[in-house]
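Protein sequence lines, in the order shown, are assigned to chains A and B. One rule links them: number in the working numbering = place in the first sequence (from 1) + 5. One rule links them: number in the working numbering = place in the second sequence (from 1) + 408.
Calculated from the structure, these hints are not laboratory results. Ideal Cβ placement from N, Cα and C applies to all residues, glycine included. Mixed in with the good hints, there may be bad ones.
Going by beta-carbon spacing under 7 Å, a handful of chain A positions derived as facing chain B [what the hints assert, rightly or not]:
hint	residue
1	15
2	38
3	48
4	50
5	58
6	69
7	107
8	109
9	112
10	113
11	114
12	115
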Amino acid sequence: NAGVTQTPKFQVLKTGQSMTLQCAQDMNHNSMYWYRQDPGMGLRLIYYSASEGTTDKGEVPNGYNVSRLNKREFSLRLESAAPSQTSVYFCASSELRGGRAPDTQYFGPGTRLTVL
Amino acid sequence: SQKIEQNSEALNIQEGKTATLTCNYTNYSPAYLQWYRQDPGRGPVFLLLIRENEKEKRKERLKVTFDTTLKQSLFHITASQPADSATYLCALDSVVRGGADGLTFGKGTHLIIQP
């Protein structure tokens, strides 16, 4: 049981390049999330998917796109990377039973992205 | 706007003492509050959850209190050990997003337990 896995672990891009960050979970969770973490800013939600086939914007969605490929996988795409997107990206998943039921999240190990 | 505040300065505690971390929030009415631990280079790991109708929750050496009047949660680690050194994040369900779409995290407090 691997939990939440992310690839790659590290990536360096040049401004304008594109890339996709991959995330997969094996806990049969309904909901998945993408966060970025910057020094002094904490974790900020980029996009989330409450269930397979649905995605919604979080706090900081500009410059990103997502795909919920199936129940297991949720990818994050940077179409034209900018230095401001240098960050650590975390994927998370949760069972989420709806409404305001507790939403304990399980995080992956993160992807450290540098945009030059 | 909604705001979660955690002490941004590192907290230095001597081994064996109780460490107390604070999470304050404004413009929120959370149904529950969670605490996570994050080690350098790793993702956050869930520790404890406390609901709005609970005053206190315990798990081994950890204790969390939740005061909805003061809009504050305290996170205690008793008999602290150097292995408890990490960043601790508090998180609340997001009322703005309807509570069904994730958590909003504080920036975290870096705890250092000195031998």
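Hint-by-hint comparison with the structure:
1. Violation of the interface hint for residue 15 (chain A) is found here, the shortest Cβ-Cβ separation to chain B being roughly 11 Å, above the 7 Å cut-off.
2. At a threshold of 7 Å, the smallest CB-CB gap from residue 38 (chain A) to chain B is about 6 Å, leaving the interface hint in force.
3. A hinted interface residue such as residue 48 (chain A) counts as satisfied when its beta carbon comes closer than 7 Å to some beta carbon of chain B; here the least separation is about 4 Å, so the hint holds.
4. With 7 Å as the threshold, the beta carbon of residue 50 (chain A) comes within range of chain B, its nearest partner Cβ sitting at about 6 Å, so the hint holds.
5. A least Cβ separation of about 15 Å between residue 58 (chain A) and chain B goes past the 7 Å threshold, and the interface hint is therefore violated.
6. Taken as an interface hint, residue 69 (chain A) does not check out: its beta carbon lies about 15 Å from the nearest beta carbon of chain B, beyond 7 Å.
7. Interface restraint check: residue 107 (chain A) against chain B, minimum CB-CB distance 5 Å, threshold 7 Å, status holds.
8. Against a cut-off of 7 Å between C-beta atoms, the interface hint on residue 109 (chain A) holds, since the closest Cβ of chain B lies about 5 Å away.
9. Against a cut-off of 7 Å between C-beta atoms, the interface hint on residue 112 (chain A) holds, since the closest Cβ of chain B lies about 3 Å away.
10. Annotation: residue 113 (chain A) was flagged as interfacial toward chain B, and the flag holds, the nearest CB pair being 6 Å apart, inside 7 Å.
11. Interface hint at residue 114 (chain A): satisfied, since its Cβ lies 6 Å from the closest Cβ of chain B, which is below the 7 Å cut-off.
12. For residue 115 (chain A), the interface hint holds, the least distance from its beta-carbon to any beta-carbon of chain B being 5 Å, beneath 7 Å.
The structure fails hints 1, 5, 6 (numbered hints given earlier, in ascending order).
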